[in-house]
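Participant: Order-wise, the sequence lines are chains H and F. Note that the numbering used here has the first sequence beginning at 1, numbered continuously upward. Note that the numbering used here has the second sequence beginning at 1, numbered continuously upward.
It is possible that part of the hints are untrue.
Said to hold, decoys possible - Derived SDA-like pairs: lysine to any residue, alpha-carbon spacing no greater than 25 Å straight-line:
no.	chain 1	residue 1	chain 2	residue 2
1	F	Lys56	F	Met277
2	H	Lys105	F	Ile203
3	H	Lys93	H	Gln156
4	F	Lys290	H	Leu121
5	H	Lys103	F	Lys153
6	H	Lys105	F	Arg199
7	H	Lys93	F	Leu181
8	H	Lys103	F	Lys290
9	F	Lys153	F	Leu181
10	H	Lys93	F	Leu200
11	F	Lys111	H	Ala13
12	H	Lys103	F	Phe275
13	F	Lys56	F	Ser34
14	H	Lys93	H	Glu178
15	F	Lys290	H	Ala166
16	H	Lys93	F	Ala286
17	H	Lys93	F	Leu208
18	H	Lys173	H	Arg251
19	H	Lys93	F	Trp287
20	H	Lys93	F	Ala288
21	H	Lys93	F	Ile202
22	H	Lys75	F	Ala288
23	H	Lys93	F	Glu189
24	H	Lys93	F	Ala132
25	H	Lys75	F	Phe86
26	H	Lys75	F	Ile207
27	H	Lys334	H	Gly266
28	H	Lys105	F	Glu189
29	H	Lys93	F	Met277
30	H	Lys93	F	Lys56
31	H	Lys93	F	Leu211
32	H	Lys105	F	Gly198
33	H	Lys93	F	Arg289
34	H	Lys177	H	Lys105
35	H	Lys105	F	Ser201
36	F	Lys290	H	Gly187
37	H	Lys93	F	Lys111
38	H	Lys75	F	Val188
39	F	Lys290	H	Ala60
By construction, these hints were calculated from the structure, which means they are not laboratory data.
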Amino acid sequence: MTISIRSVEKQFARYPALRGVSLEVQPGELLALLGPSGSGKTTLLRIIAGLEFPEAGQVAFDDQDVTFASAAARKVGFVFQQYALFRHMTVAKNIAFGLDVRKAKDRPARAEINRRVEELLGLVELRGLGGRYPAQLSGGQRQRVALARALAVSPQVLLLDEPFGALDATVRKSLRKELRRIHNATGVTTIFVTHDQEEALDLADRVAILNQGSIEQVGTPQEVYEQPASAFVCSFVGETNRFDGAVSGGRFVSGSVSLAVDCADGPKTAFVRPHDLVVAPEGFEAKIVRVTAQGPVIQIEAQTASDQRIEISLARQEAGSIAVGQTLRLAARKIHLFDPVD
Amino acid sequence: MSSSTLSSTRQDRRPRGVKPLFRRRSAIAGFGLSLGVTVSLLSLVVLIPLSAVILKASGQSFSEFLQAGFSARALGAYRLSFGAAFVAAAVNAVFGVLTAWALVRYEFPGKSIINGLVDLPFALPTAVAGIALAALYAPNGWVGQYLEAAGIKAAYTPLGVVIALTFIGLPFVVRTIEPVLRDLSADVEEAAASLGAGRLSIIGRVILPALGPAWLTGFALSFARGVGEYGSVIFIAGNMPFKSEIAPLLIVIQLEQFNYQAASTIAVVMLSASFAMLLVINAIQAWARKRSA
């Protein structure tokens with residue numbers, strides 16, 4: 001199902017949470033809403049779910065206007081960060097809830113509901129735990145139950161609000177793979193909210209990056225990483241070194257840092273990824289402060305002559321012998337230039 | 001506790017692997033002192049008086065015990081005391097949930113006043129409440145005259161007892177449910193709504209069941225308070241033997257007639273009944289807690 005969000009605006013008190021957001025989500029897509037806290041990503045998700053209603057704009061599911069339809073009427077599955085399981089019900093009852101509350105004429109037979117619950121327990125790999133109560137499960141297991149519960153009603157859209165936020169790193173990684181697998185198995189259009197750029201880039205087909213209530217860029221993980229549309233996207237997605245300076249005569253200069261660019265003159269902010277810095281005889285100078293060797297890549301922290309800290313990632317063979325105190329000459333393989341930002 | 005356990009603990013020469021009965025080393029100091037004070041106080045204020053009552057009641061033959069404790073008049077008093085307390089607790093269980101709901105869920109003018117009013121039965125001397133209620137519900141009182149016209153006699157009947165006990169027990173239900181209702185996150189309701197549940201389904205299937213254990217505790221506290229209540233009831237009850245005489249009053253009447261043994265016998269019967277009921281309610285709570293902790 002296609003989800004269209006058109007110029008949606010939402011205010012909390014006098015503080016704008018969303019300022020004219022538009023977004024198309026393709027059928028069967030796995031989309032991440034990525035942004036720092038307070039960027040409006042959760043508000044947008046809740047508006048799609050029908051848990052919040054916008055002041056202006058429109059939400060459409062397959063050209064059907066659902067802007068003010070209730071959450072119950074939208075047939076969406078919603079997964080909360082804190083699971084929001086029904087504590088007084090067993091796992092099986094939790095999963096069956098969406099089917100149990102249907103009106104008698106729409107409700108599947110008992111045996112059919114039980115079959116569906118078993119099937120979902122299998123899908124989220126919790127077979128045999130249907131009789132437990134949520135209190136008897138680990139955090140990761142609870143989130144799987146929440147996922148199965150949301151899927152039980154065969155939703156047209158699956159919405160997840162920071163689904164892995166409350167879990168520890170290992171569980172988070174394995175659940176991430178799990179979500180990808182479940183998404184592939186069910187093919188349901190899925191939108192999830194996260195502030196973790198690694199999670200968004202790793203899991204999503206496309207990423208929408210929000211900042212201060214506006215969408216800065218929508219694109220594949222590769223696009224937003226390699227062709228960031230704004231200074232914010234560039235600094236939010238991936239590691240980067242930032243230089244504030246100006247371009248004149250084909251060179252960008254910031255303190256002692258000087259880089260060759262192909263750009264009109266004027267004040268600019270430049271971003272260079274740590275792995276886009278290379279050793280070059282005619283480059284600017286930087287003194288090595290710290291070296292961390294992790295596997296094939298060596299992370300170097302260095303200081304320019306104008307006292308700016310920078311980070312460099314070099315392949316092991318490229319780096320040669322490197323020691324703290326040594327001075328490197330560096331050039332940039334790729335530079336992202338934007339108008340000055342504060 | 002055996003003396004050897006204590007002495008070996010004190011000198012710290014206990015064999016490896018044997019846990020001391022008391023006094024495990026802990027970062028939270030003061031265990032000995034606080035437990036000592038607690039046990040002494042409980043003994044002086046609760047255990048010794050209760051044992052004295054039982055001792056007093058046991059100084060008679062079994063048939064005497066039956067006669068004093070289960071006379072027709074005493075049975076009538078028990079029925080009224082427990083029955084009225086039960087009805088009052090049930091009424092409170094319903095209206096207490098509503099009151100707690102209104103206080104937690106909505107903002108309205110005068111909320112803090114209502115919040116304060118709920119606690120009034122805790123603070124008010126029960127005799128004051130009794131006199132006020134009796135005046136209100138008497139056949140010529142503000143409320144009583146209309147009830148009288150409708151053919152309902154409130155004051156000086158068992159109904160009056162229920163009214164007084166409802167007044168006394170309300171805050172117990174409200175104040176036990178309130179924190180649980182407040183902790184019940186909005187997430188859970190939103191989850192239910194997104195799964196297609198209507199408003200009534202959400203309340204009936206999600207919220208009320210989650211309140212279950214707290215609701216039962218509130219009911220039990222309200223009931224226990226009602227069984228023991230004396231001050232507010234005697235003014236409105238009319239105190240007619242076999243009809244509107246509560247058990248605590250019967251104890252007082254026996255005492256006034258210097259019939260100490262009969263008084264303690266009735267006390268023992270009430271004590272056992274209350275104890276049994278608390279036991280049952282605790283068991284239900286433990287069961288409920290195990291499921292939803």
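Participant: Now tell me, hint by hint, if it's right for this structure.
Facilitator: Structure-based check of all given hints:
1. Of the pairs offered as hints, the one joining F:Lys56 and F:Met277 holds, with about 23 Å between alpha carbons and a cut-off of 25 Å not exceeded.
2. Between H:Lys105 and F:Ile203 the alpha-carbon distance is near 22 Å, which keeps this suggested pair within the 25 Å criterion.
3. Taking the CA atoms of H:Lys93 and H:Gln156, the gap is near 22 Å; set against the 25 Å cutoff, the hint holds.
4. Restraint check: the Cα-Cα separation between F:Lys290 and H:Leu121 comes to about 23 Å, which is no more than 25 Å; the hinted pair holds.
5. For the hint linking H:Lys103 to F:Lys153, the alpha-carbon distance of about 45 Å lies beyond 25 Å, and the restraint is violated.
6. Between the alpha carbons of H:Lys105 and F:Arg199 the distance comes to roughly 19 Å, so the proposed pair stays at or under 25 Å and holds.
7. A threshold of 25 Å between alpha carbons decides the hint, and for H:Lys93 with F:Leu181 the separation of about 22 Å falls inside it, so the pair holds.
8. Restraint check for H:Lys103 and F:Lys290: the C-alpha separation of about 31 Å exceeds 25 Å, so the hint is violated.
9. Taking the CA atoms of F:Lys153 and F:Leu181, the gap is about 37 Å. The hint is violated against a cut of 25 Å.
10. Annotation: proposed proximity of H:Lys93 to F:Leu200 holds, straight-line Cα distance about 18 Å (limit 25 Å).
11. Of the supplied pair hints, the one linking F:Lys111 and H:Ala13 holds, its CA atoms being roughly 23 Å apart against a limit of 25 Å.
12. Between H:Lys103 and F:Phe275 the CA atoms are separated by roughly 45 Å; this puts the pair beyond 25 Å, and the hint is violated.
13. For a cut-off of 25 Å, the pair hint linking F:Lys56 to F:Ser34 is broken: about 32 Å separates their Cα positions.
14. Between H:Lys93 and H:Glu178 the CA atoms are separated by roughly 22 Å; this keeps the pair inside 25 Å, and the hint holds.
15. With a C-alpha separation of about 24 Å, the suggested pair F:Lys290 and H:Ala166 falls inside the 25 Å cut-off, and the hint holds.
16. With a CA separation close to 21 Å, the supplied pair H:Lys93 and F:Ala286 stays within the 25 Å bound.
17. Taking the CA atoms of H:Lys93 and F:Leu208, the gap is about 16 Å. The hint holds against a cut of 25 Å.
18. Straight-line distance between C-alpha atoms of H:Lys173 and H:Arg251 comes to about 43 Å, which puts the hinted pair past the 25 Å bound.
19. With a C-alpha separation of about 18 Å, the suggested pair H:Lys93 and F:Trp287 falls inside the 25 Å cut-off, and the hint holds.
20. Between the alpha carbons of H:Lys93 and F:Ala288 the distance comes to roughly 16 Å, so the proposed pair stays at or under 25 Å and holds.
21. Restraint check: the Cα-Cα separation between H:Lys93 and F:Ile202 comes to about 14 Å, which is no more than 25 Å; the hinted pair holds.
22. Between H:Lys75 and F:Ala288 the alpha-carbon distance is near 33 Å, which puts this suggested pair outside the 25 Å criterion.
23. Between H:Lys93 and F:Glu189, the direct Cα distance comes to roughly 16 Å. Compliance with the 25 Å bound is thereby established for this hinted pair.
24. Distance check on the hinted pair: H:Lys93 and F:Ala132 sit about 50 Å apart at the alpha-carbon level, beyond 25 Å; violated.
25. Of the supplied pair hints, the one linking H:Lys75 and F:Phe86 is violated, its CA atoms being roughly 45 Å apart against a limit of 25 Å.
26. Distance restraint check for H:Lys75 and F:Ile207: the Cα-Cα separation of roughly 22 Å lies within the 25 Å cut-off, and the hinted pair is therefore satisfied.
27. A C-alpha spacing of about 19 Å is found between H:Lys334 and H:Gly266, which places the hinted pair at or below 25 Å, so the restraint holds.
28. For the proposed pair H:Lys105 and F:Glu189, the alpha carbon gap of about 24 Å is at most 25 Å, so the pair holds.
29. Straight-line distance between C-alpha atoms of H:Lys93 and F:Met277 comes to about 32 Å, which puts the hinted pair past the 25 Å bound.
30. Taking the CA atoms of H:Lys93 and F:Lys56, the gap is near 54 Å; set against the 25 Å cutoff, the hint is violated.
31. For the suggested pair H:Lys93 and F:Leu211, the alpha carbons sit about 18 Å apart, so the restraint of at most 25 Å is met.
32. Only pairs whose Cα atoms come within 25 Å are accepted, and H:Lys105 paired with F:Gly198 is accepted, the gap being roughly 16 Å.
33. At roughly 18 Å between alpha-carbon atoms, H:Lys93 and F:Arg289 fall within 25 Å of each other, so this suggested pair holds.
34. With a C-alpha separation of about 38 Å, the suggested pairing of H:Lys177 with H:Lys105 is violated against the 25 Å cut-off.
35. Our distance criterion of 25 Å between C-alpha atoms is met by H:Lys105 and F:Ser201, whose separation comes to about 16 Å.
36. Of the supplied pair hints, the one linking F:Lys290 and H:Gly187 is violated, its CA atoms being roughly 38 Å apart against a limit of 25 Å.
37. For the proposed pair H:Lys93 and F:Lys111, the alpha carbon gap of about 37 Å is over 25 Å, so the pair is violated.
38. For the proposed pair H:Lys75 and F:Val188, the alpha carbon gap of about 17 Å is at most 25 Å, so the pair holds.
39. Straight-line distance between C-alpha atoms of F:Lys290 and H:Ala60 comes to about 45 Å, which puts the hinted pair past the 25 Å bound.
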